Amino acid sequence: MRTIAVTGGKGGTGKSSFAVLLSLKMSLEGKKVLLVDCDVECPNDFILLGVKELTDPIKETRTFYPKIDPDKCKKCGFCVRSCNSSALLQPLNEVPVLNKNLCSSCGVCWNVCPYGAISKEEEMNGEIFLNNISKNFSLVTGRSIVGIRETSPVVEQTRKYIDTISSDFDLVIIDTAAGTHCTVMSALDGVDRAYSVTEPTPLGAHDLSIILRVLRILKIPSEIILNRSDIGNKDLITQISDKYSTDISLEIPFDRKFAEIYSRGSLIENVELLKMLDGFSLNL
Amino acid sequence: MKVFIPVVSKDKSSKLSEVFGRSEFFAIYDTETKNTEYIDNGSAQGARGVGVSVGQLAINSGVSKVVTRKLGPNAVNALESGNIEVVIQENTDKTLEEIIQAL
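Line by line, the protein sequences are chains D and E. Position 40, counted from 1, in the first sequence is what my numbering calls 40; the numbers after and before it change by one each time, with no gaps. Position 68, counted from 1, in the second sequence is what my numbering calls 352; the numbers after and before it change by one each time, with no gaps.
It should be emphasised that the hints constitute simulated quantities derived from the structure, not laboratory data. What you are looking at is a predicted structure, and each value in this text was computed from that prediction instead of being measured. Do not rely on the hints blindly, as some may be mistaken.
Below are the DSBU-like pairs computed for lysine-lysine, each with C-alpha atoms no more than 30 Å apart in a straight line [claimed, not checked]:
#1 Lys299(E) / Lys75(D)
#2 Lys74(D) / Lys286(E)
#3 Lys219(D) / Lys31(D)
#4 Lys294(E) / Lys378(E)
#5 Lys354(E) / Lys100(D)
#6 Lys72(D) / Lys120(D)
#7 Lys299(E) / Lys74(D)
#8 Lys75(D) / Lys296(E)
#9 Lys299(E) / Lys354(E)
#10 Lys100(D) / Lys349(E)
Estimated spans, in silico, between C-beta atoms of each pair [to be verified]:
#11 Leu203(D) / Ile323(E): 52 to 62 Å
#12 Thr317(E) / Glu94(D): 19 to 29 Å
#13 Asp192(D) / Glu369(E): 53 to 63 Å
#14 Ala331(E) / Leu130(D): 42 to 52 Å
#15 Glu369(E) / Gly77(D): 14 to 24 Å
From the derived model, a few chain D residues whose C-beta atoms are all more than 10 Å from chain E [said to hold, decoys possible]:
#16 Ile58
#17 Pro200
#18 Ile217
#19 Tyr244
Ideal Cβ placement from N, Cα and C applies to all residues, glycine included.
Pulled out of the complex, with its shape left as it was, chain D reads as follows (with noise of 0.2 Å):
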């Protein structure tokens, strides 16, 4: 089993919807795939794949909260001092109050604590969802739950699930958030390849960029993947596969018809989409 990351940084570049061709493309050669979307504040990867609501979660993910008992508190202030996301606020001589808005469950007060006065209250922050889309495709979504702040722990949650049933497959593919915070960092912890989906924009190309030094540093080996490579400026692209010794492995040029099936969400519907990724082989 391979477990590759379809990431590139800038928003709206086509991540999903290489994820989701790329899948079909691997199941219908015969590959067992599982696709997960680790999107979890806009998981959208199940719309395009024609499923219309996600129902029944398979799981539910959790996070910390502290939670100080006034009565062991001994007011010292500590736990305030050591918070760095000043998620804990204390009024003068009185017990510090909780922001949970602020508040990334990191554990530092409840073991900073040198009277035991905080313990971990559990809660609820997203749930997983497990879809079969065809005999040798399956489809797993972490969502969170709207107005969470700290979505990375739902993605680390869904990563956890996805170990207990990846022995089933041949490939799972992980398609990231946009960016290059936190939540991308958990969904490309451990994969053995990236693909980066770009745009020849100075915005692909800055954001490109920034998550290719990312996976540098993570020592993931990487590829390019450049969609709408006909339309503004290819060299922006060129320029940083270069700079990074990264290979552009697949040019998209813009087709408005794939934009049209797009936004009517059914890519499985149009098996010819496929032929986009024509010549393009997983570096397995």
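Keeping the supplied structure of chain D fixed, place chain E upon it in accordance with the hints.
For chain E alone, kept in the frame of chain D given last:
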């Protein structure tokens, strides 16, 4: 009573800061002793939650009032829980001297 004021430099001719949580410096003026103390804001470059940190700083400094041009929701909550009165001064042309005189 102590008053907490975000300022752009550490002197009486300083203008009021445009911001609260990310102000470089704060002046703490004591209306009884007429003394002004200046402090650096260690949270000015913080990633987030700076309003809470500065609110905590105000609480720990024992101030009863804040004069500022504006402030964010985190700072509002922090100052509220510390029972600190907030006075909004929209005119950033005013110097610290003038703000103190108007107290």
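Evaluation of the provided hints:
no., hint, in the structure
1, Lys299(E) / Lys75(D), "violated (36 Å)"
2, Lys74(D) / Lys286(E), "holds (26 Å)"
3, Lys219(D) / Lys31(D), "holds (26 Å)"
4, Lys294(E) / Lys378(E), "holds (15 Å)"
5, Lys354(E) / Lys100(D), "holds (23 Å)"
6, Lys72(D) / Lys120(D), "holds (15 Å)"
7, Lys299(E) / Lys74(D), "violated (40 Å)"
8, Lys75(D) / Lys296(E), "violated (36 Å)"
9, Lys299(E) / Lys354(E), "holds (14 Å)"
10, Lys100(D) / Lys349(E), "holds (26 Å)"
11, Leu203(D) / Ile323(E): 52 to 62 Å, "violated (40 Å)"
12, Thr317(E) / Glu94(D): 19 to 29 Å, "holds (27 Å)"
13, Asp192(D) / Glu369(E): 53 to 63 Å, "holds (59 Å)"
14, Ala331(E) / Leu130(D): 42 to 52 Å, "violated (35 Å)"
15, Glu369(E) / Gly77(D): 14 to 24 Å, "holds (23 Å)"
16, Ile58, "holds (33 Å)"
17, Pro200, "holds (32 Å)"
18, Ile217, "holds (19 Å)"
19, Tyr244, "holds (27 Å)"
Violated hints, listed in ascending order, are 1, 7, 8, 11 and 14; each of the other numbered hints is respected by the structure.
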